[in-house]
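Protein chains: 2
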Amino acid sequence: MASVAPDSQFGMCLPDTAREWVMAARPDGPIRSEDFALVSRPLPCPGPGQFVVRTLFLSLAPVMRQYMIDGAGIEAPLEIGDVIHGRGVGQVVLSANPSFKVGDLVHGKLGWREYGLSDGSPEQMMYRFQAPDLPASTALGILGVTGFSAYVGLFDIARPQVGETVLVTGAAGGVGSIAGQLARIAGARAVGLAGGQAKCDVLTGRLGFDAALDYRKQGLVEALCAAAPDGIDVIFDNVGGEVLDSALGLINRHARIVSCGRISQYIDGPSHALANWWKIGEQCARMEGFFIYEHRHRFAEAEARMAEWIRAGKLTWLEDILQGFDQMPAALARLFEQHNLGKQLVHVAEPLQLENGNK
Amino acid sequence: MASVAPDSQFGMCLPDTAREWVMAARPDGPIRSEDFALVSRPLPCPGPGQFVVRTLFLSLAPVMRQYMIDGAGIEAPLEIGDVIHGRGVGQVVLSANPSFKVGDLVHGKLGWREYGLSDGSPEQMMYRFQAPDLPASTALGILGVTGFSAYVGLFDIARPQVGETVLVTGAAGGVGSIAGQLARIAGARAVGLAGGQAKCDVLTGRLGFDAALDYRKQGLVEALCAAAPDGIDVIFDNVGGEVLDSALGLINRHARIVSCGRISQYIDGPSHALANWWKIGEQCARMEGFFIYEHRHRFAEAEARMAEWIRAGKLTWLEDILQGFDQMPAALARLFEQHNLGKQLVHVAEPLQLENGNK
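Protein chains in written order, with our numbering: chain A, 3 to 361; chain B, 3 to 361.
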């Protein structure tokens, strides 16, 4: 099929079939490999306005488990046999769409596929990668929706002021590791909570957090008091549950709590009832959730400013990359086992080299 | 002493002594009469810039118990022997302050006193009553901080849209009874929760709520679903605890929860842990507290617009008035026993008649 494609300089290199991960069973509790099945399908052929993307990296996020169970945000629940939803970065290898040329790097909703068909429609949220001087994988992390979530959550919702204290929960995760660095750029004190001393060392070392605490150690509240002696002005929360509750007890007047994620509550459902909720009213605080795709008008600014900060050496990122498309279910499981350090990705393939040497 | 006052046309009518309620013991659990003592003191004499106010009505609010225990907002805790804090409306009867003339009606922090001394300073938050065509008691309710709390909480924080559903908890209370009417004026559907069918009947009858539910009846969640078939867009919460939790379970996307009061949690301290807190994040909702005195720049607009709505017959108010200064502790207890219907006041005295008949 690929040989009839209207525009490709990769024709010779493309396979006849490509693999996809589909849902074999609905998850119930922890991620199991039996919930997934790897199937082969013929390489798609682009019709008018369509193009084929070769997946280079795929992104993993806790919400993917939710897609498989009962949907989330704008996504309807998956049915058995559906390809798992997910974002990726890839290379256009066949194109009948003048806006997406062969060789372009794009990121968007590729799904768990080695090769995917797109028409560049808004539903697929396909964007051209804007920072060719930086690694393509950043399009799924710091320069993608992960980074934009940190940017919008921190700057638009929390709005930290110089000298304030920003506590980031899940601070070694994809969003959290960026949110803490952005808090420092805003002139705030960044305190991170993460699981284990090794992660904490990365936060205060490579990422420049002012303090980092292992939330699994005894005496979290006392440790928080010591790390945030002036109280907590912003909680950038990726965890929820007990960790959030401990932090809420220490919020200052007019604190802002950004409810970005609730990794502690996803597997067994919401289980922890929040004792310190009343602090929100008492401290004239604000707790707010957001859905990043409702803030698309902010993506261009976020991408441009964060790329500049990266180039200026003010901002860096953590990636945790598993090698090979067959690792997708294992990579998802890592998130819930909290084994990942930074953004969890799977490296699926290298880009093809243009035959005419353009790239 | 009063006879030396620099400006009074009431000299002959004024007593030599006046009574005050002071804190005799710190409350512990429900309000007890033993926590209060009635003392007599000489009538104060205004020095330069000062004036004496004869209390006409005093306002009761749940926060007063908090003042007695450990302070609240900008108020330090009371000490044994201190006069209880509280707002009132009164008549200037002696004045050495050109901005406050004898006969003027003023409202502000009079304290639990029959006669009080003021210098009109910002700390006492003394305002001239702006709606002489309406009853003076409204300065403590709908046209005072009570009404302003409803106005600011609803219009500035919740910002209901036409056709949305606004749930008011504690809807038969001072703030709640106004918030629900304001929601209707904004074009929203107003659903009230109150204790007992009699209060509910007043909400849907006199106050025009679209629906009212007795929160003490079994099956609150089912009843809420029926009364708010399109879900809940705004919770104007005066109650907290279980009632808030039930409502949170039914919030729509982008819901706003105004944390105005927590009457269910004041006596025994915060006791209910919030099971449905995660809905705030999931639904991209916002929960926010506020301190009304941080919104003073909005008071003039709130007072003027609500007075206009009253005159136009679009807005009314509920007052629950006990007669006599000796009723103050009992009036405070009524709030926690939920016996009050609307704003709880005590009628302390009638205004004096000016000897020259100006007023």
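Note that these hints are calculated values from the structure, not bench results. Since the structure is predicted, the reported quantities are computational estimates derived from the model, not experimental observations. Any given hint might turn out to be false.
As the list claims (entries may be wrong) - If we take Cβ atoms under 8 angstroms as the criterion, some of the chain B residues that face chain A in the derived model are:
id, residue
1, 30
2, 204
3, 206
4, 207
5, 208
6, 242
7, 286
8, 291
9, 293
10, 295
Said to hold, decoys possible - Derived list of chain A stretches under chain B, where covered just means 3 residues or more per stretch with a C-beta under 8 angstroms from a C-beta of chain B:
id, region
11, 225-235
12, 271-278
13, 291-302
Said to hold, decoys possible - Interface residues of chain B toward chain A, partial, derived using beta-carbon atoms under 7 angstroms:
id, residue
14, 216
15, 218
16, 271
17, 273
18, 277
19, 287
C-beta atoms are modelled at their ideal positions from N, C-alpha and C, and glycine is treated no differently.
Do the hints match the structure? See the list:
1. 30: Result: violated, 19 angstroms to nearest chain A Cβ.
2. 204: Nearest chain A Cβ about 26 angstroms off; hint violated.
3. 206: Since chain A brings no Cβ nearer than about 27 angstroms to residue 206(B), farther than 8 angstroms, the hint is violated.
4. 207: Since the shortest Cβ distance to chain A is 30 angstroms, the answer is violated.
5. 208: At 29 angstroms from the nearest chain A Cβ, residue 208(B) fails the 8 angstroms test, so the hint is violated.
6. 242: 6 angstroms, holds
7. 286: Status holds, d = 5 angstroms.
8. 291: 4 angstroms, holds
9. 293: 5 angstroms, holds
10. 295: Violated, about 11 angstroms.
11. 225-235: violated (count 0)
12. 271-278: holds (count 5)
13. 291-302: Since 4 is at least three, the answer is holds.
14. 216: With a closest approach of 24 angstroms, the residue 216(B) hint is violated.
15. 218: 21 angstroms, violated
16. 271: 9 angstroms, violated
17. 273: With Cβ-Cβ at 9 angstroms, over 7 angstroms, it is violated.
18. 277: Interface hint status for residue 277(B): holds (4 angstroms vs cutoff 7 angstroms).
19. 287: 6 angstroms, holds
In summary, the structure is inconsistent with hints 1, 2, 3, 4, 5, 10, 11, 14, 15, 16, 17 from the numbered list given earlier, while agreeing with the others.
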